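Asks: When you get a sec, could you build the whole thing from the sequences and use the hints?
There are 2 protein chains.
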Amino acid sequence: MPKKIFFTPGPSAIYFTVEEHLRTALKDQVMEVNHRSTQAEGYYKTAVENLKSLMDIPEDYQIFFLSSATEIWERQLQNLVIENSFHYCYGAFSNRFYDFAADWHLKPQKATAEFGSFPNTDPSLIPADTELISMALNETSTGVSFPTEDIYAIRKAHPDALIAVDGVSAFPVVDLDFSQVDSAYFSVQKCFGLPAGLGVWIVSPRAIEKSEQKRARGHSIGSYQALPNLLKNGTKYQTTFTANVLDIFLLSKVTGDMLEKGLDVIRREAKYKSALLYHTIEQHPKLSAFVPDKKLRSETVAVANTEGDSAAIINALKDKGFVIGNGYGAYKGKQIRIASFPTHSKELIELLADTLMTL
Amino acid sequence: MPKKIFFTPGPSAIYFTVEEHLRTALKDQVMEVNHRSTQAEGYYKTAVENLKSLMDIPEDYQIFFLSSATEIWERQLQNLVIENSFHYCYGAFSNRFYDFAADWHLKPQKATAEFGSFPNTDPSLIPADTELISMALNETSTGVSFPTEDIYAIRKAHPDALIAVDGVSAFPVVDLDFSQVDSAYFSVQKCFGLPAGLGVWIVSPRAIEKSEQKRARGHSIGSYQALPNLLKNGTKYQTTFTANVLDIFLLSKVTGDMLEKGLDVIRREAKYKSALLYHTIEQHPKLSAFVPDKKLRSETVAVANTEGDSAAIINALKDKGFVIGNGYGAYKGKQIRIASFPTHSKELIELLADTLMTL
Chain A
1 MPKKIFFTPG
11 PSAIYFTVEE
21 HLRTALKDQV
31 MEVNHRSTQA
41 EGYYKTAVEN
51 LKSLMDIPED
61 YQIFFLSSAT
71 EIWERQLQNL
81 VIENSFHYCY
91 GAFSNRFYDF
101 AADWHLKPQK
111 ATAEFGSFPN
121 TDPSLIPADT
131 ELISMALNET
141 STGVSFPTED
151 IYAIRKAHPD
161 ALIAVDGVSA
171 FPVVDLDFSQ
181 VDSAYFSVQK
191 CFGLPAGLGV
201 WIVSPRAIEK
211 SEQKRARGHS
221 IGSYQALPNL
231 LKNGTKYQTT
241 FTANVLDIFL
251 LSKVTGDMLE
261 KGLDVIRREA
271 KYKSALLYHT
281 IEQHPKLSAF
291 VPDKKLRSET
301 VAVANTEGDS
311 AAIINALKDK
321 GFVIGNGYGA
331 YKGKQIRIAS
341 FPTHSKELIE
351 LLADTLMTL
Chain B
1 MPKKIFFTPG
11 PSAIYFTVEE
21 HLRTALKDQV
31 MEVNHRSTQA
41 EGYYKTAVEN
51 LKSLMDIPED
61 YQIFFLSSAT
71 EIWERQLQNL
81 VIENSFHYCY
91 GAFSNRFYDF
101 AADWHLKPQK
111 ATAEFGSFPN
121 TDPSLIPADT
131 ELISMALNET
141 STGVSFPTED
151 IYAIRKAHPD
161 ALIAVDGVSA
171 FPVVDLDFSQ
181 VDSAYFSVQK
191 CFGLPAGLGV
201 WIVSPRAIEK
211 SEQKRARGHS
221 IGSYQALPNL
231 LKNGTKYQTT
241 FTANVLDIFL
251 LSKVTGDMLE
261 KGLDVIRREA
271 KYKSALLYHT
281 IEQHPKLSAF
291 VPDKKLRSET
301 VAVANTEGDS
311 AAIINALKDK
321 GFVIGNGYGA
331 YKGKQIRIAS
341 FPTHSKELIE
351 LLADTLMTL
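Chains A and B supply the protein sequences, listed in that same order. Be aware that the first sequence starts at 1, since it is given in full-length UniProt numbering, and climbs by one per residue. Be aware that the second sequence starts at 1, since it is given in full-length UniProt numbering, and climbs by one per residue.
Treat the hints with caution; some may be incorrect.
To be verified - In silico BS3-like cross-links for lysine-lysine, where the CA-CA straight-line distance does not exceed 25 Å: (1) LYS107/A to LYS214/B; (2) LYS45/A to LYS3/B; (3) LYS27/B to LYS318/A; (4) LYS27/A to LYS320/B; (5) LYS332/B to LYS236/A; (6) LYS27/B to LYS4/A.
As the list claims (entries may be wrong) - Chain B residues, not near chain A, derived (Cβ > 10 Å throughout): (7) THR121; (8) THR235; (9) GLY333.
Claimed, not checked - With the C-beta cut set under 10 Å, the calculated list includes, among others, these residues of chain B facing chain A: (10) PRO11; (11) GLY197; (12) GLN225; (13) ALA226; (14) ALA243.
Source of the hints: derived by calculation from the structure; they are not laboratory data. None of these values were measured; they are calculated from a predicted model. Backbone N, C-alpha and C fix where the C-beta goes; we use that ideal spot for every residue, glycine too.
Replies: Here it is as structure tokens:
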């Protein structure tokens, strides 16, 4: 059976060079070396340097490797919030982060919007005593993106609050000025096209200070993943636990490939692929764009309402070897979601669009 | 350059079938399927069924996949302890779990012993109000094992406390009666010979009840990895986050291989390999066993004091392609540690022993 092509916005197609890098990993015995060996530290260091170079992350920001973006939600609450977090909620994932804060017995507040639309981002609506303000650059459940200009305006109005940006399915495609935020994170199975099992946390010096302040005031900030501990190990290019060394190695390789290709090319292609997908959705007799406001449409996850059960389209595509995503949660059966990540070539998206039009 | 053979007790040699299973993973696109797809659920289910069958785990116990054994230390404290945990501390890892409890602002107590020796396990020394009693079956830092008979005696004397067993570098080699414990856990990069990035948590119904009681009393038990949440997803063979699907797949395969070989064979071989390694250590002019009490010596990690700097032996072996472990922490440079995990064949351990004797 020929291989399927995954356009799902969860785990998705692996980056086109991953298979080759896996062969190198076997040859170099990446899966067998100690996670505190010079060899493993080298993978960590290269991955950090490549990420900083690729996304223009300030030199004094730290990059830590955890197990998932989901874990990073928790670590942010533990390290960066004593009581008051503020969450923009406009889809399943941004809502879930808010729910975590409630589970942790904090006093989270939120600005909400219906799925597919966008909350009011007027900074004056955020309480003055907010310690951490959170938004998802790209709500993977709805395909709604958060304009970076709005982040910068919020930063200006609340210079003392920490800003935490969910970059899952956005980085490195979305261009963010990292100096305007204190915490940014993603998991590698989206735009970086890697096997699942690794979360990447980008942290400002201010965020690390906040964790130290919280601890100094007598609050627990956890143990092995507490930011001062992450810092202590991270400056040695070591994780605080036996992390997924293979994934860190693969990340070091794929970020190298992306640097070679050029992020400007990747971003230009993303715009083209997204425009093509939305054009196809608008032309298609059985599809309509879920996000009405064009400037809020994600460049990496296109979401469409379907006439009738979305299973018809999903299954017809699957028969041809294309795997796309279903609607998320309550939208299952009513929508399709299509990832156009850096590993999805223009030609592949064109082929998918052409095939969609025949259905 | 020929491949090295890893006898390190951290990440170690991968199980001899892993490379073949990686090829299958690429063919079956394991790294690309959604973690909530039927395909991924199948890997979870097979891994659980194989583990239960392999180690004779009671049917009503649950098995959850987290990111590491380190993480499971934290989740145990969050879910299973309101205030009082008790820790047997006789090496770096058992001490670290105790430190975690302090970091989490609990009131941990401990029974300690010098590295290489063993604490007093008289059950009457454990306070009556202890909620959770913890021990490591195998202290990977020292090569000291905790006799299972002592666990059963503690259980008998404290029937209401939960018992938590660290099985890292012990499972599946050490034969534990799981019905006598409530929480048991390991990470897959030791005896299962898999790439790092997955922790396995085996949980009794009593433990799940305890987490529900703790929450009902108004305490936070965390969010996505809270036991009731792990249970809700686990009964569907799903993780609560985008876990290392590749590792779960590989675990399902390697446990299948182990079932085919037979755990009795694996355990018999472990006894032989351990006896051979300790015999070699005792015969060797520059080595002496670290653990004086023969019945406390681990069957999977042999530890020896070295005459002079251990680097001499470690480097001489490395030149011949054998990578062994250094002493842990303060014992670095003073000891060697050698893993004899299931992937290390009798012949390989014999070759290593012969080579050691020439140094």
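Asks: Now tell me, hint by hint, if it's right for this structure.
Replies: Cross-check of the supplied hints:
Of the pairs offered as hints, the one joining LYS107/A and LYS214/B holds, with about 20 Å between alpha carbons and a cut-off of 25 Å not exceeded. Taken as a hint, the LYS45/A and LYS3/B pair is honoured in the structure, with Cα atoms around 24 Å apart against an allowance of 25 Å. Of the supplied pair hints, the one linking LYS27/B and LYS318/A holds, its CA atoms being roughly 17 Å apart against a limit of 25 Å. The hinted pair formed by LYS27/A and LYS320/B meets the criterion: a straight-line CA distance of about 18 Å does not exceed 25 Å.
Between LYS332/B and LYS236/A the CA atoms are separated by roughly 18 Å; this keeps the pair inside 25 Å, and the hint holds. For a cut-off of 25 Å, the pair hint linking LYS27/B to LYS4/A stands: about 10 Å separates their Cα positions. In this structure THR121/B is separated from chain A by more than 10 Å, as the shortest Cβ-Cβ distance comes to about 26 Å. The beta carbon of THR235/B sits about 19 Å from the closest Cβ of chain A, which is more than 10 Å, so the claim that it is off the interface holds.
At roughly 15 Å, the least C-beta separation between GLY333/B and chain A is larger than 10 Å, which holds for a residue marked as non-interface. Look at PRO11/B: its Cβ gets to within about 6 Å of chain A, closer than 10 Å, so that hint holds up. The closest approach between the C-beta of GLY197/B and any C-beta of chain A is roughly 3 Å, which is under the 10 Å cut-off, so the hint is satisfied. The restraint placing GLN225/B at the interface with chain A holds, with a minimum CB-CB distance near 8 Å, inside the 10 Å limit.
Evaluation of the ALA226/B hint against chain A yields a held restraint, the C-beta minimum of about 7 Å falling below 10 Å. This hint holds: ALA243/B has a C-beta 6 Å from the nearest C-beta of chain A, less than the 10 Å allowed.
Figure legend: structure checked against the earlier numbered hints; every hint is met.
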